[in-house]
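S.K.: Add chain B to chain Z, keeping to what the hints say.
Protein chains: 2
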Amino acid sequence: MQLIDGKAVAAQIKKEIAEEVGRIQALGGKIPHLAAVLVGHDGGSETYVAAKVKACEEVGFRSSLIRYESDVSEAELLACVASLNADADIDGFIVQLPLPPHINPDRIIEAIDYRKDVDGFHPVNVGRMSIGLPCFLSATPAGIVELLRRYRIPTAGKRCVVLGRSNIVGKPIASLLMQKAYPGDATVTVCHSRSEDISALCREADIIIAALGSPHFLKGDMVKEGVTVIDVGTTRVPDPERKSGFRLTGDVDFDSVAPKAAFITPVPGGVGPMTIVSLLRNTLLAGQKVVYP
Amino acid sequence: MQLIDGKAVAAQIKKEIAEEVGRIQALGGKIPHLAAVLVGHDGGSETYVAAKVKACEEVGFRSSLIRYESDVSEAELLACVASLNADADIDGFIVQLPLPPHINPDRIIEAIDYRKDVDGFHPVNVGRMSIGLPCFLSATPAGIVELLRRYRIPTAGKRCVVLGRSNIVGKPIASLLMQKAYPGDATVTVCHSRSEDISALCREADIIIAALGSPHFLKGDMVKEGVTVIDVGTTRVPDPERKSGFRLTGDVDFDSVAPKAAFITPVPGGVGPMTIVSLLRNTLLAGQKVVYP
Chain Z
0 MQLIDGKAVA AQIKKEIAEE VGRIQALGGK IPHLAAVLVG HDGGSETYVA AKVKACEEVG
60 FRSSLIRYES DVSEAELLAC VASLNADADI DGFIVQLPLP PHINPDRIIE AIDYRKDVDG
120 FHPVNVGRMS IGLPCFLSAT PAGIVELLRR YRIPTAGKRC VVLGRSNIVG KPIASLLMQK
180 AYPGDATVTV CHSRSEDISA LCREADIIIA ALGSPHFLKG DMVKEGVTVI DVGTTRVPDP
240 ERKSGFRLTG DVDFDSVAPK AAFITPVPGG VGPMTIVSLL RNTLLAGQKV VYP
Chain B
0 MQLIDGKAVA AQIKKEIAEE VGRIQALGGK IPHLAAVLVG HDGGSETYVA AKVKACEEVG
60 FRSSLIRYES DVSEAELLAC VASLNADADI DGFIVQLPLP PHINPDRIIE AIDYRKDVDG
120 FHPVNVGRMS IGLPCFLSAT PAGIVELLRR YRIPTAGKRC VVLGRSNIVG KPIASLLMQK
180 AYPGDATVTV CHSRSEDISA LCREADIIIA ALGSPHFLKG DMVKEGVTVI DVGTTRVPDP
240 ERKSGFRLTG DVDFDSVAPK AAFITPVPGG VGPMTIVSLL RNTLLAGQKV VYP
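Residue numbers (numbering that gives the first Met the number 0), protein chains in the order written: chain Z, 0 to 292; chain B, 0 to 292.
Next comes chain Z alone, as it looks inside the complex:
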């Protein structure tokens, strides 16, 4: 069993991005600038946004954090998006989800200029990804693909089971893994809450991407020997022994699955760190106008 060390890969990619920023700086080019919009004080969102800002600093990007209280109106938020769209100094920006219930997230996302949509959530980027055109890939699926690539895990013709059909993980990773490319060319099955006999499907899989948000869902008796397991789950489970009061728990029962796996990601330290570097990479590409000249 080989552990897929997302933390180490993420650190390596950050180093590569920092070097690229150094080159840009040496040539007198524009330093990439990411803006993050944070509404309210949700604990998870605070943590994620702080990590994104910190990652920008680490690689030498500029970053701006724009905060609103949770009673901000949709109109105000749309005005903020419009001003970020128009601001030539901002290369890319994200609006951290979830948003308060009185704000329609689809409306906000669609208002973002897709050329600055470094989260890859805008329909233009989702559609271009599905068709196989250059686009901003959304961060988690891009991070998964990068882990498969860096660990040279074969995917062509392999049976791949994706657990979960969310718009931000399940659907896009399924789309990426079935495309004519590497990583890709896999025979992909998407399972979800309505699927029957998920165990049997998983037992046939060479690669399992678990993105249900259901702690320890995937058990050792549901996988075959030699499987590659990517665990996207990050459920906060209460843990009085931790200072934070919780621990991040994956969708995979690591202790029973790992002994049968050829490759497996831990939680934390697997997909999580990759998500942020995907965002950094998109911001770099946005600054260089590579995807949308």
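Check before you lean on any hint, since a few could be wrong.
Identical chains blur together in the list; that is why a pair holds if it fits in one copy or across any two.
Claimed, not checked - Quick list of in silico lysine-lysine cross-link-like pairs, DSS-like style, CA-CA up to 27 Å:
| hint | residue 1 | residue 2 |
| --- | --- | --- |
| 1 | K242 | K53 |
| 2 | K223 | K157 |
| 3 | K179 | K218 |
| 4 | K13 | K53 |
| 5 | K6 | K218 |
| 6 | K53 | K14 |
Quick caveat, the hints were computed from the structure, so don't treat them as lab data. Predicted model only: the values in this text are computed from it and were never measured.
M.R.: Then chain B, alone, in the frame of chain Z:
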């Protein structure tokens, strides 16, 4: 075995659309107007476009056919698209594919105003479909979904195998059948040229959508009893006994598969007629500004 009669369903839907056009006319509303752009003289394209124009007439739509010789430049075609985008009288339009090799089809499709993209090929419509937002569904997957609905074929929790991963059939029908809806909620597997052991996967399937373009690929020994089979294949196979010199041949070996199937579409007369009514329906929706107000 019940034959899924696409021709009869299509005729019924055309009748419903014609009635709607009658109501619009009675209220003094605007009659839907579809434009089709045809480049060159490809036999298949000529036939498809003629059928689309004829279908418009049958339901009382207005239609315009714009023709170019195959040496038209990309710039000229883009100018045509721009003028159709700007023409308030045109509710929706299509550019018939394939285009000559010197024209980039992606560039043409992306130039179409997505609010007039009744073929559903624009990245905005592809992306919105994937996310589950209102959009123009592309014609063939929309036709398949409508057949499943009209024949009340259960899909929730069912194993569905999609043969083929094209942008216009395989990927979008997979996306639709996995979404939280009816028809949908299926456990979808997408197979393609790189997939191994397609027979075994097909034998586990409750529903098979065959869209490979490989005549008679799916044989009776590859399906289980009670399967529902939707045949999207329409390969022209030479046939000297026909006046046209060819016959349309599906991806399904009908004679061996039909005896085991609960439901099956014939070729021709299955999915084909539904494709055109999907286009009519999108044009009706475009005229009524239902999808994009």
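S.K.: Compare the structure with each hint and give your call.
M.R.: Status of each hint after checking the structure:
{"no.": "1", "hint": "K242 to K53", "result": "within (21 Å within a copy, 71 Å between copies)"}
{"no.": "2", "hint": "K223 to K157", "result": "both (13 Å within a copy, 23 Å between copies)"}
{"no.": "3", "hint": "K179 to K218", "result": "between (31 Å within a copy, 26 Å between copies)"}
{"no.": "4", "hint": "K13 to K53", "result": "within (12 Å within a copy, 58 Å between copies)"}
{"no.": "5", "hint": "K6 to K218", "result": "within (24 Å within a copy, 48 Å between copies)"}
{"no.": "6", "hint": "K53 to K14", "result": "within (14 Å within a copy, 61 Å between copies)"}
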